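K.L.:
With the hints as extra help, turn the sequences into a complete structure.
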Amino acid sequence: MLSKRVIPCLDVRNGKLTKGVKFLGNVDIGDPVETARCYYEDGADEIVFYDITASHEGRGIMLKVVERVASQIFIPFSVGGGISTVADMRDVLLAGAEKISVNSAAVKTPHIISDGAAAFGSQCIVVGMDVLRVPTSEAIPSGYEIVIHGGRRHMGIDALWWAREVERLGAGELCINSIDADGTKDGYELTLTRLIADSVRIPVIASGGAGTPQHMVDAVTAGRASAALIASIVHYGEYTVADLKAFMARQGVKVRQVW
Amino acid sequence: MLAILDYEAGNLTSVKRALDHLSIPATITAEKGVIARSQGLIFPGVGAAGSAMANLRRSGLDMVMAAEIAAGKPMLGICLGCQILLDYSPENDTPTLGLIPGQCGVFTPDLTEEDGLPINIPHMGWNTVKLKKECRLFAGIAPESEFYFVHSFFPAPDPEFVIGTTRYGREFCSVHGRDGLWATQFHPEKSGRPGLQLLSNFFAYCREVAHAQ
Numbered sequence: 001m002l003s004k005r006v007i008p009c010l011d012v013r014n015g016k017l018t019k020g021v022k023f024l025g026n027v028d029i030g031d032p033v034e035t036a037r038c039y040y041e042d043g044a045d046e047i048v049f050y051d052i053t054a055s056h057e058g059r060g061i062m063l064k065v066v067e068r069v070a071s072q073i074f075i076p077f078s079v080g081g082g083i084s085t086v087a088d089m090r091d092v093l094l095a096g097a098e099k100i101s102v103n104s105a106a107v108k109t110p111h112i113i114s115d116g117a118a119a120f121g122s123q124c125i126v127v128g129m130d131v132l133r134v135p136t137s138e139a140i141p142s143g144y145e146i147v148i149h150g151g152r153r154h155m156g157i158d159a160l161w162w163a164r165e166v167e168r169l170g171a172g173e174l175c176i177n178s179i180d181a182d183g184t185k186d187g188y189e190l191t192l193t194r195l196i197a198d199s200v201r202i203p204v205i206a207s208g209g210a211g212t213p214q215h216m217v218d219a220v221t222a223g224r225a226s227a228a229l230i231a232s233i234v235h236y237g238e239y240t241v242a243d244l245k246a247f248m249a250r251q252g253v254k255v256r257q258v259w
Numbered sequence: 001m002l003a004i005l006d007y008e009a010g011n012l013t014s015v016k017r018a019l020d021h022l023s024i025p026a027t028i029t030a031e032k033g034v035i036a037r038s039q040g041l042i043f044p045g046v047g048a049a050g051s052a053m054a055n056l057r058r059s060g061l062d063m064v065m066a067a068e069i070a071a072g073k074p075m076l077g078i079c080l081g082c083q084i085l086l087d088y089s090p091e092n093d094t095p096t097l098g099l100i101p102g103q104c105g106v107f108t109p110d111l112t113e114e115d116g117l118p119i120n121i122p123h124m125g126w127n128t129v130k131l132k133k134e135c136r137l138f139a140g141i142a143p144e145s146e147f148y149f150v151h152s153f154f155p156a157p158d159p160e161f162v163i164g165t166t167r168y169g170r171e172f173c174s175v176h177g178r179d180g181l182w183a184t185q186f187h188p189e190k191s192g193r194p195g196l197q198l199l200s201n202f203f204a205y206c207r208e209v210a211h212a213q
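Chains A and B are the protein sequences, given in the same order.
In terms of the numbering used here, the first sequence is residues 1 to 259.
In terms of the numbering used here, the second sequence is residues 1 to 213.
Bear in mind the hints are in silico, worked out from the structure with no lab data behind them.
Note that the structure is predicted; figures quoted are calculated from it, not measured.
If you want the ones that stay clear, here's a sample from chain B, every Cβ over 10 Å from chain A, calculated:
#: 1; residue: ALA30
#: 2; residue: GLY33
#: 3; residue: ILE35
#: 4; residue: ALA36
#: 5; residue: ALA67
#: 6; residue: GLY72
#: 7; residue: ASP87
#: 8; residue: ASN92
#: 9; residue: GLY105
#: 10; residue: GLY180
#: 11; residue: SER200
#: 12; residue: ALA212
Keeping only pairs whose Cα atoms sit at most 16 Å apart, straight-line, the calculated EDC-like set for lysine to aspartate or glutamate is:
#: 13; chain 1: A; residue 1: LYS254; chain 2: B; residue 2: ASP115
#: 14; chain 1: B; residue 1: LYS32; chain 2: B; residue 2: ASP62
#: 15; chain 1: A; residue 1: LYS254; chain 2: B; residue 2: GLU113
#: 16; chain 1: A; residue 1: LYS254; chain 2: B; residue 2: GLU144
#: 17; chain 1: B; residue 1: LYS130; chain 2: B; residue 2: GLU171
#: 18; chain 1: A; residue 1: LYS254; chain 2: B; residue 2: GLU114
#: 19; chain 1: A; residue 1: LYS254; chain 2: A; residue 2: ASP218
#: 20; chain 1: B; residue 1: LYS133; chain 2: B; residue 2: ASP179
#: 21; chain 1: A; residue 1: LYS64; chain 2: A; residue 2: GLU34
#: 22; chain 1: A; residue 1: LYS64; chain 2: A; residue 2: ASP91
#: 23; chain 1: A; residue 1: LYS16; chain 2: A; residue 2: GLU34
#: 24; chain 1: B; residue 1: LYS132; chain 2: B; residue 2: ASP158
Backbone N, C-alpha and C define an ideal beta-carbon position, used for all residues, glycine too.
P.N.:
Below you can see the structure in the form of structure tokens.
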């Protein structure tokens, strides 16, 4: 039986760790490499770095961060943010990441998913989906719409349709990020997570809204996710990764213990 | 020194980084001379069996490997490198290296997890290994340890070569080989402390063999 994964997500801007609420008002809170190493030692199963830097110079700094992480942390990690070509993907993989997360670029040019999967294998390609709850309509029958640019742009695409399409194009994994829940600490969007997890055969990562250890248990039981992404809940020292996994284990969730 | 065999298959640098961290000297190489001077070989791989075999045959690395192994040099295959040590892979209908007797199998969508839900394919994440026989690669590693897997095909060697198994929808072989020629379906270089311990154990064996010769 596969263990459910706990995945801290680090937003990185110009080489610094940062955290916002509902994608706004980011503040710098530390060194991403040190933080990632601490999570690794504490039993994180995987780490995600999300590069929110826009500038070319910032990109170079990010690749250096990836290299430093790769030389110190011996669990898988993925990098996302602003990756829009196969060449970008190659740079990140050569710097030492296992996986690439594409989000806006996949919505704008879906062939990036199949191109990436053909070049590096499906297991390398994680598709991140930013999702907003909307009234159901003919265009959005599930009541969940794909948005990009941190929720600022509505795409008129149904999230459930998109999840299946992304799987068909060769994605290895889906990260479902609820904009409604992001940074609220009120819990993951379980209806959305389960809707998608039940509709695809690739692993689904729940993202956005974790505030208590019980939320993570909910994500992998009621939400049927394979993994729970976390940020604020560990970045501010409220809980350690080890605390969270110990709680999950007590609730009967199979999680990896660090021996 | 360990030689990490370079046949343009996936991320060779992550194995190198793990060995660097352990202060184990290693070189990523396809050169026959360097391979001959090494104390042991690491045969990693990410990607598809078909293109991997094509690259190995084109570069002649398949012959170099076979000769080194016949001469008693230790080797550790990882992931795709674990699968293509066998005779055949249904992935791209590929005849493979034939260094260990057996074939590859594939996870099928009808399989279910212990909770009754259908399995996700690929098998991606952390899982345990149940040893069927003693193996020095696992010296000092707690039996409950988990390792990182990412794969859709799995090795199915002849039973006498099965060293460890893992359960995912079904039981499959996750470690196979014989003394000095081992292969793991999981990625030791991405499996935290137990994985690093396994790489150290492999290097310790390589040094013993080199000193004995």
